[in-house]
Amino acid sequence: MTNQKLKLFDRVYETVKKIPEGKVMTYGQIAEILGTHDARKVGWAMHGNKDPRIPCHRVVNRKGAVAVNYAFGGGWKEQKMRLLSEGVKFKDEMHVDLKKYLWQIR
DNA sequence: ATGTTGACCGACT
DNA sequence: GAGTCGGCCAACA
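Just so we're aligned: 102 in our numbering is position 97 of the first sequence, and the numbers increase by one with no gaps anywhere.
Since the hints were made in silico from the structure, they are not lab data. Check the hints yourself; a few may be wrong.
[Stated by the list, open to error] Derived lysine to aspartate or glutamate pairs resembling EDC-like cross-links, with alpha carbons at most 20 Å apart: (1) Lys85 with Asp43; (2) Lys23 with Glu37; (3) Lys55 with Glu37; (4) Lys82 with Asp56; (5) Lys104 with Glu37; (6) Lys68 with Glu37; (7) Lys68 with Asp56; (8) Lys96 with Asp56; (9) Lys68 with Asp43; (10) Lys22 with Glu37; (11) Lys82 with Asp97; (12) Lys22 with Asp43; (13) Lys105 with Glu91; (14) Lys85 with Glu98; (15) Lys12 with Glu26; (16) Lys12 with Asp56; (17) Lys46 with Asp15; (18) Lys68 with Asp97; (19) Lys55 with Glu83; (20) Lys85 with Asp97; (21) Lys22 with Glu83; (22) Lys104 with Glu26; (23) Lys12 with Glu37; (24) Lys104 with Asp56; (25) Lys104 with Asp15; (26) Lys68 with Glu19; (27) Lys96 with Glu83; (28) Lys94 with Glu26; (29) Lys82 with Glu26; (30) Lys28 with Glu83; (31) Lys105 with Asp56; (32) Lys55 with Glu98; (33) Lys85 with Glu37; (34) Lys55 with Asp15; (35) Lys22 with Glu91.
No experiment lies behind these values; they were computed from the predicted model shown.
Can you build the whole structure from these sequences, using the hints too?
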């Protein structure tokens, strides 16, 4: 299948684009969907991403913390601002409530 | 081509 | 609780 020919990089983007507003996903969960344990590649894909169509602000780490090296805007502050704008509330300065906002696929 | 690094995670000590 | 290591894979020097 052509779909399987796609590299992780592309599949990450496809997955992230499907995250609905007001929800977040973790790198590990995305990696799992892709059939790998390589969450680093997911983060790497985001780091290299410059496509505003990809809601990379909805991707957080396992602790629910936003990325310090967030590539868009001014950094994690930009990411936080976007999430707040979608109704995602923060427990701490950098941590979202995964219990409420983690998008779980069934 | 080889070795290091990376917006990470889970398991182990 | 904190530190270390392995995993898996693409970019970079």
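For each hint, the structure was consulted:
Between the alpha carbons of Lys85 and Asp43 the distance comes to roughly 25 Å, so the proposed pair goes past 20 Å and is violated. The straight-line distance between the Cα atoms of Lys23 and Glu37 is roughly 15 Å, inside the 20 Å bound, and the hint therefore holds. Annotation: proposed proximity of Lys55 to Glu37 is violated, straight-line Cα distance about 23 Å (limit 20 Å). For the hint linking Lys82 to Asp56, the alpha-carbon distance of about 18 Å falls within 20 Å, and the restraint holds.
The hinted pair formed by Lys104 and Glu37 meets the criterion: a straight-line CA distance of about 19 Å does not exceed 20 Å. Taking the CA atoms of Lys68 and Glu37, the gap is about 17 Å. The hint holds against a cut of 20 Å. For a cut-off of 20 Å, the pair hint linking Lys68 to Asp56 is broken: about 25 Å separates their Cα positions. Taking the CA atoms of Lys96 and Asp56, the gap is near 28 Å; set against the 20 Å cutoff, the hint is violated.
As the CA atoms of Lys68 and Asp43 are separated by approximately 17 Å, the hinted pair is consistent with the 20 Å bound. At most 20 Å may separate the alpha-carbon atoms for a hinted pair to count; Lys22 and Glu37 meet this at roughly 16 Å. For a cut-off of 20 Å, the pair hint linking Lys82 to Asp97 stands: about 13 Å separates their Cα positions. A threshold of 20 Å between alpha carbons decides the hint, and for Lys22 with Asp43 the separation of about 19 Å falls inside it, so the pair holds.
Proximity of Lys105 to Glu91 is assessed by CA-CA distance (about 13 Å); at most 20 Å being required, the pair is judged to hold. With a CA separation close to 9 Å, the supplied pair Lys85 and Glu98 stays within the 20 Å bound. With a C-alpha separation of about 26 Å, the suggested pair Lys12 and Glu26 falls outside the 20 Å cut-off, and the hint is violated. Among the hinted pairs, Lys12 with Asp56 is consistent with the structure: their alpha-carbon atoms are about 17 Å apart, no more than 20 Å.
For the suggested pair Lys46 and Asp15, the alpha carbons sit about 11 Å apart, so the restraint of at most 20 Å is met. The straight-line distance between the Cα atoms of Lys68 and Asp97 is roughly 11 Å, inside the 20 Å bound, and the hint therefore holds. Among the hinted pairs, Lys55 with Glu83 is consistent with the structure: their alpha-carbon atoms are about 14 Å apart, no more than 20 Å. For the suggested pair Lys85 and Asp97, the alpha carbons sit about 11 Å apart, so the restraint of at most 20 Å is met.
Using a Cα cut-off of 20 Å, the hinted pair Lys22 and Glu83 holds, with the two alpha carbons roughly 18 Å apart. About 16 Å separates the Cα atoms of Lys104 and Glu26, which keeps this hinted pair within 20 Å; it holds. In summary, the hint linking Lys12 to Glu37 is supported, as the alpha carbons are separated by about 15 Å, within the 20 Å threshold. Restraint check for Lys104 and Asp56: not satisfied, since their Cα atoms lie roughly 28 Å apart, outside the 20 Å limit.
The suggested pairing of Lys104 with Asp15 is violated, with an alpha-carbon distance near 28 Å, which exceeds 20 Å. A threshold of 20 Å between alpha carbons decides the hint, and for Lys68 with Glu19 the separation of about 23 Å lies outside it, so the pair is violated. Using a Cα cut-off of 20 Å, the hinted pair Lys96 and Glu83 holds, with the two alpha carbons roughly 17 Å apart. Among the hinted pairs, Lys94 with Glu26 is consistent with the structure: their alpha-carbon atoms are about 13 Å apart, no more than 20 Å.
Proximity of Lys82 to Glu26 is assessed by CA-CA distance (about 18 Å); at most 20 Å being required, the pair is judged to hold. Proximity of Lys28 to Glu83 is assessed by CA-CA distance (about 16 Å); at most 20 Å being required, the pair is judged to hold. Restraint check for Lys105 and Asp56: the C-alpha separation of about 27 Å exceeds 20 Å, so the hint is violated. Distance restraint check for Lys55 and Glu98: the Cα-Cα separation of roughly 25 Å exceeds the 20 Å cut-off, and the hinted pair is therefore not satisfied.
Only pairs whose Cα atoms come within 20 Å are accepted, and Lys85 paired with Glu37 is rejected, the gap being roughly 25 Å. Straight-line distance between C-alpha atoms of Lys55 and Asp15 comes to about 13 Å, which keeps the hinted pair within the 20 Å bound. Restraint check for Lys22 and Glu91: satisfied, since their Cα atoms lie roughly 15 Å apart, inside the 20 Å limit.
When held up to the earlier numbered hints, the structure conflicts with 1, 3, 7, 8, 15, 24, 25, 26, 31, 32, 33 and fits the remainder.
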